[in-house]
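Line by line, the protein sequences give chains A and B. In case it helps, the numbering used here puts the first sequence at residues 1 to 319. In case it helps, the numbering used here puts the second sequence at residues 1 to 319.
I should point out that these hints are in silico values taken from the structure, not numbers from a laboratory. Even glycine gets a Cβ: it sits at the ideal position worked out from N, Cα and C. Incorrect hints may have been included.
With beta-carbon atoms standing in for the labels, derived distance ranges [stated by the list, open to error]:
id, chain 1, residue 1, chain 2, residue 2, range
1, B, D16, A, D24, 19 to 29 Å
2, A, D24, B, K149, 49 to 59 Å
3, B, G32, A, Y73, 18 to 28 Å
4, A, T205, B, D16, 41 to 51 Å
5, A, K78, B, S286, 55 to 65 Å
6, B, P76, A, D14, 36 to 46 Å
7, B, A314, A, G315, 35 to 45 Å
2 protein chains.
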Amino acid sequence: MLDLDKPQIMTLFDFDTAVQRIHDAYIASAEGNVQTGEVVHLAFAEANGDCHVKSGYIAGTASYVIKIASGFYDNPAKGLPSSNGMMLAFSAATGETLAILRDEGWLTDMRTAIGGALATRALARADATQVLIIGAGIQARFQAMCHAKLMTDRALNFHIWARNASAAQTLSTDLNAAGYSAIPVPDLNAAIGAADIITTTTTATKPLFADGLVRKGSHVTAIGADCPGKQELPTKLVAAASLRVCDMASQSLHHGEFQSAHRNDASLQVTELGHILSGEQIGRTSDEDITVVDLTGIAAQDIAITQTIIDAAAGAKAQ
Amino acid sequence: MLDLDKPQIMTLFDFDTAVQRIHDAYIASAEGNVQTGEVVHLAFAEANGDCHVKSGYIAGTASYVIKIASGFYDNPAKGLPSSNGMMLAFSAATGETLAILRDEGWLTDMRTAIGGALATRALARADATQVLIIGAGIQARFQAMCHAKLMTDRALNFHIWARNASAAQTLSTDLNAAGYSAIPVPDLNAAIGAADIITTTTTATKPLFADGLVRKGSHVTAIGADCPGKQELPTKLVAAASLRVCDMASQSLHHGEFQSAHRNDASLQVTELGHILSGEQIGRTSDEDITVVDLTGIAAQDIAITQTIIDAAAGAKAQ
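Okay, chain A solo, but in the shape it has when bound (with noise of 0.2 Å):
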């Protein structure tokens, strides 16, 4: 049984593995070709914590995939990261334990911000450069990565926003340091307006800013929505996109960014990312379109990723 610690799967972690493994899985799943377990919902509301689990398999692989991921927002304070958690896979055929990946969330962060780029790359207009990061925390700085990393075809600028002022400054001054362009911006609704691409990453329960905002041709990936109440955009934003694409139609209806616009329109159209990808179903249509994207995360990008580093692991040994 491969048994493994964060900094150990940070080595034997592939960057351009994961992103084919993980576009591969968004299809896979689109296709019906996952199964998926219940997402179980735990929350501590004492400790500002909570804890979801998702499983999964992948029709015809090796082995199935447990994720347990929590999230404890008062731990920066104590000095500990506020994501945690491991990935475990199990024999599709005996449920062997085959590997404990103790990424203590670093997979989950890595593979929610694959997907986001997946997404925006296969969906914002191809001269896009300017990109709106809301958010400051982890998941902002993991999506500002793996944008730059995806699309290498242009040249971004990140411009980032969040409420704490000090922690966009910092985030921008580290991107900056990694080689990449980016800046703190005092202004949101002015950021909005003069954006291309927009991730948002919060934890947010009501929209960010007033629709209205978003030009034509832009694109928005929101991130943060994933429970019951969640909401980063303006319901009228999602309700008239040009384009409406989620991860996991039943996931993000029921508790993601399109929850909202749904309980208004119980007919809500959307496409999940996987038919996009996989060109079955056509992304956008004109440099006028805004399209949107509700990313809620799903078991087939924890099956992938951890696939990668059962490889990885492999490849290592018998080397």
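Could you slot chain B onto chain A? The hints should help.
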């Protein structure tokens, strides 16, 4: 972080402590003090296997527990146990992993059998001594041992019936070697008519015997049904019982032994075991009652038995 394998867990395990904690956990559950996650069920038809994930948190305690348990029923032919899995405990204050108990299903088998024995002790006649165990697998073995250990006020005689007569013979021989009184019985119908206590431990999907065979005053505990479509007892026996007790009504009526009777009668009355154990509700009222218990297994049991191992490990370390 505590990381224990099955032999280490078995060494630290204390039966009496586990019985007390599981007893209390049923009460906490019935009284609404347990937050229970959705039960996850993954099925692997080609491998004749499945995997359940149960999770929960007892209000006011230090940790939440996620239990992964698989059953791959062709494993014995491969020289592997059919049950597998682990218990995971996390801090309810920070989400940090406190313990990985790689029990391979042993703690689940044990907490399931302790639950069965607690239910039988609470509801069987005070002079009930003739115990029929249906099934001769690992759970039949654990049930017999836990019944004997919990009901030391009387000498129990175990009668073992299984479709596989040689397995019934083996289990009887082993129980006798362990100091208990057991015989295999060839005629199931006759054995049912002679039993004071019947415990069913099979994966049956239709009743194991006909209605009308269980005599007045008997107690029946059904352990096997834990997903839609499973059933061990005649629907009429359940419907006509003097008292129906279950571990958790929402599970039992949906995917436990009581699902069939509940489909026929949506107003079927059931009592949760915790209310019987606390004395809040009355159990058996006469020596003529037929009492039936359905145990689907609840997260509170997993939390309770996991906590005993964590505490025992802390105690062992302190010494």
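Against the structure, the hints:
1. B:D16 / A:D24: 19 to 29 Å: Since the Cβ atoms of D16 of chain B and D24 of chain A sit about 52 Å apart, the hinted range of 19 to 29 Å is violated.
2. A:D24 / B:K149: 49 to 59 Å: At roughly 52 Å between Cβ atoms, K149 of chain B and D24 of chain A fall inside 49 to 59 Å, so the hint holds.
3. B:G32 / A:Y73: 18 to 28 Å: holds (26 Å)
4. A:T205 / B:D16: 41 to 51 Å: Hint holds: Cβ distance 47 Å, inside 41 to 51 Å.
5. A:K78 / B:S286: 55 to 65 Å: holds (58 Å)
6. B:P76 / A:D14: 36 to 46 Å: Given about 39 Å between the Cβ atoms, the range holds.
7. B:A314 / A:G315: 35 to 45 Å: holds (39 Å)
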